[in-house]
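Asker: Each chain, letter by letter, is given below.
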Amino acid sequence: MSNPYIVLPVLFQLFVAVILMFAWNRKNLQKLISVVGSLIALLISLALLIKVNQEGIQTMQAGGWIAPFGITFVADTLSALLVVLTATSGLAVSVFSVGSVRNARIKFGYFPIFHLLIMGLSGAFLTGDIFNLYVWFEIIIISSFVLITIGGEKAQLEGAIKYVAMNLLASVVFLTAIAILYGLTGSLNMADLSLQVANVSNRGLVNVTAILFLVGFGIKSAVFPLYFWLPASYHTPPPAISAIFGGLLTKVGVYAMLRVFTLIFIPDDFLTTVITVMALLTILSGGFGALMQNNIRKVFSYLIICHIGFMLAGLGIYSTVAIAGAVFYLVHDIVVKTNLFLVSGVIFKFRGTYSMRLLGGFYKEQPLMSLFMAIPLFSLIGIPPLSGFWGKLLLIEGAMDQSNILMIVFILLGSFLTLFIIAKLWAEVFWKDAQELPKKKYIRYFDELKPLKKQAMLASVVFLSLISLGIGFGAEWVMQLALRIAENLMDPSPYIQAVLGS
Amino acid sequence: MKTIIFKTASVFLLPLLLLFSVFILLRGHYLPGGGFVGGLMASTAFVIHSFANGVERTKNIVKFHPGFLMPVGLALALLAGSLPLFLGETFMTGLWMDQPVPVIGSVGTALFFDTGVYLVVIGVTLTIIFTISEGL
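Same order as they appear, the protein sequences are chains A and B. Residues 580 to 1081 in our numbering are what the first sequence lists, from first letter to last. Residues 4 to 139 in our numbering are what the second sequence lists, from first letter to last.
Everything labelled a hint here was simulated from the structure, so no lab data went into it. Hints are supplied without guarantee of correctness; some may be wrong.
Here are the computed lysine to aspartate or glutamate pairs in the DMTMM-like style, where the Cα-Cα straight-line distance is at most 25 Å [what the hints assert, rightly or not]:
1. B:5 / B:137
2. A:686 / B:92
3. A:1019 / A:732
4. A:1032 / A:732
5. A:733 / B:137
6. A:606 / A:1026
7. A:1003 / A:1015
8. A:630 / B:92
9. A:686 / B:137
Ranges between beta-carbon positions, derived for each pair [as the list claims (entries may be wrong)]:
10. A:632 / B:82: 53 to 61 Å
11. B:66 / A:786: 57 to 65 Å
12. B:92 / A:1072: 50 to 58 Å
13. A:783 / B:34: 42 to 50 Å
14. B:134 / A:710: 44 to 52 Å
15. B:131 / A:683: 19 to 27 Å
16. B:135 / A:1017: 34 to 42 Å
17. B:66 / A:1072: 54 to 62 Å
18. A:683 / B:63: 23 to 31 Å
19. B:82 / A:1030: 37 to 45 Å
20. A:607 / B:66: 46 to 54 Å
21. A:784 / B:92: 52 to 60 Å
Since we're looking at a predicted model, the values are computed, not measured. For each residue, glycine too, the CB sits at the ideal point set by N, CA and C.
Please model the entire structure based on the sequences and the hints provided.
Answerer: Take a look at the structure:
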């Protein structure tokens, strides 16, 4: 169904960014605009999800140019759901930034760039044009380059170089793949490509292109042989920024893979085997990597990789149930990973360190807050009925249907590794006796902050924890949604029909 | 490069190049030209002036911080793009006036979008140039 307003979640973020630029030097006004803007953006995206849920796939042809010639925007349930999650994480991080981001960073345009990043993410989820997807990826990475370097600390710049280098490489690979695809079919519209690619006689070249897409998106989403940039860079920027990176940036890569490998390239046995092997090794390397780390943000960085493996596993199994599992896991992971980096930021504000060895006694000092922090940590392990459990349940069910024992073993192994890591982290950070830490001069500790800033930081953690709980306890509803999304992904004909007409 | 010839020429080149940049901006859409090229040309005019007379003098001509042009241009482009939304058309649909305006030609949302781009490009380029030459 044609609907010109589905582009609103994207446009609204741009609008907020422009307003913020006009208030360049007024930091308190910027904070207010950012929080209010994020809240309205969340409401807009929720309205979109409800609309899509009731009336089916919504499309928009930019400039009135009919598909496949113009740029199409498509809001199906998956896109709308991810836009809602983006807005949710955006709101939490925006509120957290009120408390945690330093004035020096705000002076250099932290908030406008943050909203441009959210705009890029929403655009990437909503577009139905593969080249436009590339453009949104560029907007995302350019904004993230600014965010990762803003402030200009030495460690930040070091991490940024690795991040920039790998992401530019991924863009080059992605663009090359688009060029080949355009050469093969003469189309860039994803729905049209879905029809055209099936008719290309040169199957070898189609498979090569598919692998190029896999590599491009693989670097972005940090899967097994291509993940090295992530743990080298995600622990360097301030916690608010690493929260939005950890929660959303890698997930765009996963979304792109889900979209491209169900709509354009229907994987053959070879491709599913490649994806499966990558998924298994991603789970393993992320899990073992996290085991070795002492810095809690590095632990979480490796855990991102480990859990990207779960989502990729769903794509590797390639059945409706498994993809529903991957989608459910995606939903859970965006909320939880954003929250975990925020939690690490709160802990840092209290203690001035990220080192697990030095931290301790957090539970004794802040029992209520620790309980809220326990929710994302235990959701991550997948303790029922928390949110991580249901995604894994669907994944294992999917693997069971295909008697893929190896996959089940690795998923359980990944969960077990996560359990071990989180248990270790819990014991070290929360239960171990606190030790005296020397006060560092350049850190503003939690006690020195104004009450509003304190509340902002804690409120965002509580907000995301409650959403995690909601996903866990409302699992039936989310699961139905995930199953419907998976059915639509496995049978793309409604999508194609919505875009191209009859 | 403070030679007298360059200095004198720069004073005349500045308005000429600015005028030409506006011509290029208006010529766009159906013919080569448009906001991006026009914006680059306009900022070149200021860059030449600053090479000949020093950045301080050029800043005096511009009066306000060029970075301010960025949000203004973005706002204009955003407004031009989303104007059709208020009329129930899709984003970025070109709306044109029935009668062409003398000198300028046909006026539509695309022109305002291009003008937005023009301003953003001037803002970005001048901010970069001024910031870099401050350190020299």
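Asker: Compare the structure with each hint and give your call.
Answerer: Results for each hint:
no., hint, result
1, B:5 / B:137, "holds, 17 Å"
2, A:686 / B:92, "violated, 38 Å"
3, A:1019 / A:732, "holds, 16 Å"
4, A:1032 / A:732, "holds, 23 Å"
5, A:733 / B:137, "holds, 23 Å"
6, A:606 / A:1026, "holds, 22 Å"
7, A:1003 / A:1015, "holds, 21 Å"
8, A:630 / B:92, "holds, 19 Å"
9, A:686 / B:137, "holds, 19 Å"
10, A:632 / B:82: 53 to 61 Å, "violated, 31 Å"
11, B:66 / A:786: 57 to 65 Å, "holds, 60 Å"
12, B:92 / A:1072: 50 to 58 Å, "violated, 28 Å"
13, A:783 / B:34: 42 to 50 Å, "holds, 43 Å"
14, B:134 / A:710: 44 to 52 Å, "violated, 33 Å"
15, B:131 / A:683: 19 to 27 Å, "holds, 20 Å"
16, B:135 / A:1017: 34 to 42 Å, "holds, 41 Å"
17, B:66 / A:1072: 54 to 62 Å, "holds, 60 Å"
18, A:683 / B:63: 23 to 31 Å, "holds, 29 Å"
19, B:82 / A:1030: 37 to 45 Å, "holds, 39 Å"
20, A:607 / B:66: 46 to 54 Å, "violated, 28 Å"
21, A:784 / B:92: 52 to 60 Å, "violated, 39 Å"
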